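First to last, the protein sequences are chains A and B. Under this note's numbering, residues 1 to 293 are what the first sequence spells out, in order. Under this note's numbering, residues 1 to 596 are what the second sequence spells out, in order.
It is possible that part of the hints are untrue.
Claimed, not checked - Lysine to any residue pairs mimicking SDA-like chemistry, simulated, CA-CA at most 20 Å apart:
1. A:LYS292 <-> B:LEU171
2. A:LYS9 <-> B:GLY426
3. B:LYS464 <-> B:ASP335
4. A:LYS18 <-> B:ALA407
5. A:LYS292 <-> B:LEU163
Hints were generated in silico from the structure; no laboratory data involved. Bear in mind that the values here come from a model prediction, so they are computed numbers and not experimental data.
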Amino acid sequence: MSTSPISFKAPAFRSELKPIWCPGCGDYGVVQALYRALAAVGRPPHEIAFVSGIGCSSRIPGYTTAYGFNTVHGRALPIAQGIKLASPELLVLVAGGDGDGFSIGGGHVAHAIRRNLDLTYIVMDNQIYGLTKGQLSPTSPRGLQSVTSPYGSIEDPVNPLLYVLAYGAGFVAQGTPADMSGLADVIEQAIRFPGFAFVNVQSPCVTFGAAEAQLRQHKAEMRKLADLGHDPSDRMAAMELAQEYGRSLHTGVYFRDPAPRPTYDAAVRERRAALGAAAPSRRQVLDRFRPKA
Amino acid sequence: MTNDLVIGMAGAGGDGVVSAGESLIAAAAEIGYHAILTKSFGPQIRGGESSCRLRLSTAPVLNPGAPLDVAVALNWDDFLRFGAELPVGGGTLVVYDSASGVAPDRLPLAGVVPAEAMAVPVAALAREAAGTEKAKNTVVLGLLAGWLGLPPGPILGGLRRKLARKAPEVLAGGERAFAAGLAYADAHPTREPRRLSPPPAGAGGKLLADGNEMCAAAAIFAGCEFFGGYPITPSTEIMQLLARDLWRYGGTVLQAEDEIAGLGAVVGASFAGKKAMTATSGPGLSLKTEMLGLATIAELPLVCVDVQRGGPSTGIPTKSEQSDLFQAVFSAHGDVVRPVLAPTSVADTFVTTVDAFNIAEEYQTPVLVLSDQEIAQRKETVDPIDTSRLAVVERLRPAAADLEDYARFRHTESGISPISHPGMPGGNYLAAGIEHNEKGAPTASGEVHARMNEKRLRKLDPLKQRSDLFDLEGPADAPLALVAWGSLAGTAREARRRAAAEGLKVKLLVPRLLYPVAETVYDAFFRSVQRGLVVEQSHQGQLFRLLRMFVDVPRGLERLARSGANPIRPDEVLGQLRQMAMALQRVHEDELQPQE
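Please build the complete structure, drawing on both the sequences and the hints.
Shown next as structure tokens:
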């Protein structure tokens, strides 16, 4: 069931639903990159579960032909873990925005990472709340004026890259729709990585986002980590570079664990096999309460 | 000889009174007595005072009983801390350690003179026999076996199993301590005989479990394959049993990072096609509310157990209350009905939990099970359950024809639509918390929203006709009535039976389905009723108020409701029934007076 003999081209992953995103939204690029990555990986859509939270970007599962689950705000990761544990053979993707992942659902990220389920988590980071029309987000830069920070933000943003690296994520990358082939490539690598994989996508909000954070600027400013001579097996170097979040736009793989840790779902499969070998009958379950003579 | 005995014991944390109670109930199950064991502890994590109450009977027991026939105080300060939980009456035999220096005619009991007091050198006997005061509880077992006429064999057998892994001299000491207690009882008979009649022949070999264990076992029986949860008193034992055993049945247990994630993982597992459950208590249910709403709109089956404790907030985590009913029924935004069931005993926890899984799967809905600390943590002997009579229901899967142009939320006559899951070719769909059309596509159409609400509510209507989810007893035309749920059902049952024995015409309704409110069941029940009581352990009387919202209850229906940790006993219910019967009699006589 893990691979299918039939090959699926990118259009096979595109659903009939028309996105509600604003024209020019970065998320269009993300979904296109995802179609390409999924075609390259080659799993049929019915073997994929694609889970999201709430936000503009969380509409994305509906634009694919996978089994989608557009859940509640901030809780995509726990729900995705339940799916993966129930059916480890599925390819499980998780997506959401910066608010979903690093504000209301921030508490779940650390635990998904430390458990190390084989999930791919794509955050479309636009540094603003677009769905609710322009409020401060956890990754908004200090000083940003928004409708909920009319005098400028007086708090520092979360650094999603450092956050997940510090908790021990085995695969951490960043992309932008300004570089479609680069973005499709890191998403594909993330899916292929055996363990929790995180992709931060700088996905500009054309309607409420800062003028200096649009695709045109991305194209001009982005620097590929590979071109900087970065060694993606070096976690400390990755953390050093990740400090630049919010100041420079690096794309590519920050960190790929050269010796991936065992995954939780693999351990679960082993435990089920080891303990379930005797396979007692569920009908006999009450026997445990018989007093031993 | 008596047929029914209530024993209460208290001591310091290390005295082992709870362990003694467990030894006795295990022996009772083996011998064939019906029994209930409740435990109560001080708030300390270790040490502090602890107590247990054990009711032994030759007939089925319905509640922990009161007052005590035998009270054992290994330490008076600890005993007195339990107050109304260990009620001494005029008929009680009080046994205590003579080392306390308390004179038998000067017991520190306010306002009550027990029938008999026995000052026994318990600590001295333990030291003599076993070389340690740790054997005090074993001396007590010997005393009770002697005075109550319990066969020593099964008690000693239990002791041997318990001490099997200890050094041989510990077991030998324990056996000598038991013998010392037995010999002391022989040499010092009680003034009034306290012997318990032997159980009926062939009654032995009962099961022994508490409500939480039964709940976990029922989940296994019903086919649960996933449990996600977060530890919280008094529900944690459900997760603990499953964490040990669900794997053996091919299932998985996740201890999540919080209550929300616990239920989130359950929602995910259900989406993936597996039967799934979580368990929590009041504060956890508050946190899970949003996720339950997601399961409702995405039409995903799951079971959420709430073992109720004193609330609000942290409240009294270790004591029973029935004050989560409103939360279970109403804590949802949007037009939501989700079934709420309540078990009425340890044995019934098995059946009710299986019912919960079956209803969840059949109707594709989250189902709440409202257990309570009393049932969840008390041990009960249980007559063998014939599981071959219990159905296990699976969710409606799409047939090949359904998958040709699959619509996950297709409108059907029953409101139930075939449900696919990831991995099933052709069943691909978008599940969502957002309103959706039959295909799962998001929509903001008022028309679609209204139709989907109607579908999600209509599909649950057949539940209201499930008379098997209601227990009825007493004459159908009785003018007096009791309604009780959860652990209070046993109290009401005993009160009704005693009232009937006194000649009162009274009937009882015990709903195991609390919501949706089955109006027709209540209408039929209340037709003959002039006076009645809703008996429940909450300050407001939450079931009483819920019934008044949905049912035309008789004017004479009142509530006997009280905050948790203040037990309601059968005597009290019986007293109120007698008053109601007298009031009815007066009304009847007034009606017979000639009119002027």
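Right, here's what the structure says about each hint:
In summary, the hint linking A:LYS292 to B:LEU171 is supported, as the alpha carbons are separated by about 18 Å, within the 20 Å threshold. Annotation: proposed proximity of A:LYS9 to B:GLY426 holds, straight-line Cα distance about 17 Å (limit 20 Å). For the given pair, B:LYS464 sits about 18 Å from B:ASP335 by alpha-carbon distance, which is consistent with the 20 Å threshold. Between A:LYS18 and B:ALA407, the direct Cα distance comes to roughly 18 Å. Compliance with the 20 Å bound is thereby established for this hinted pair.
About 14 Å separates the Cα atoms of A:LYS292 and B:LEU163, which keeps this hinted pair within 20 Å; it holds.
In summary, the structure agrees with every hint in the numbered list given earlier.
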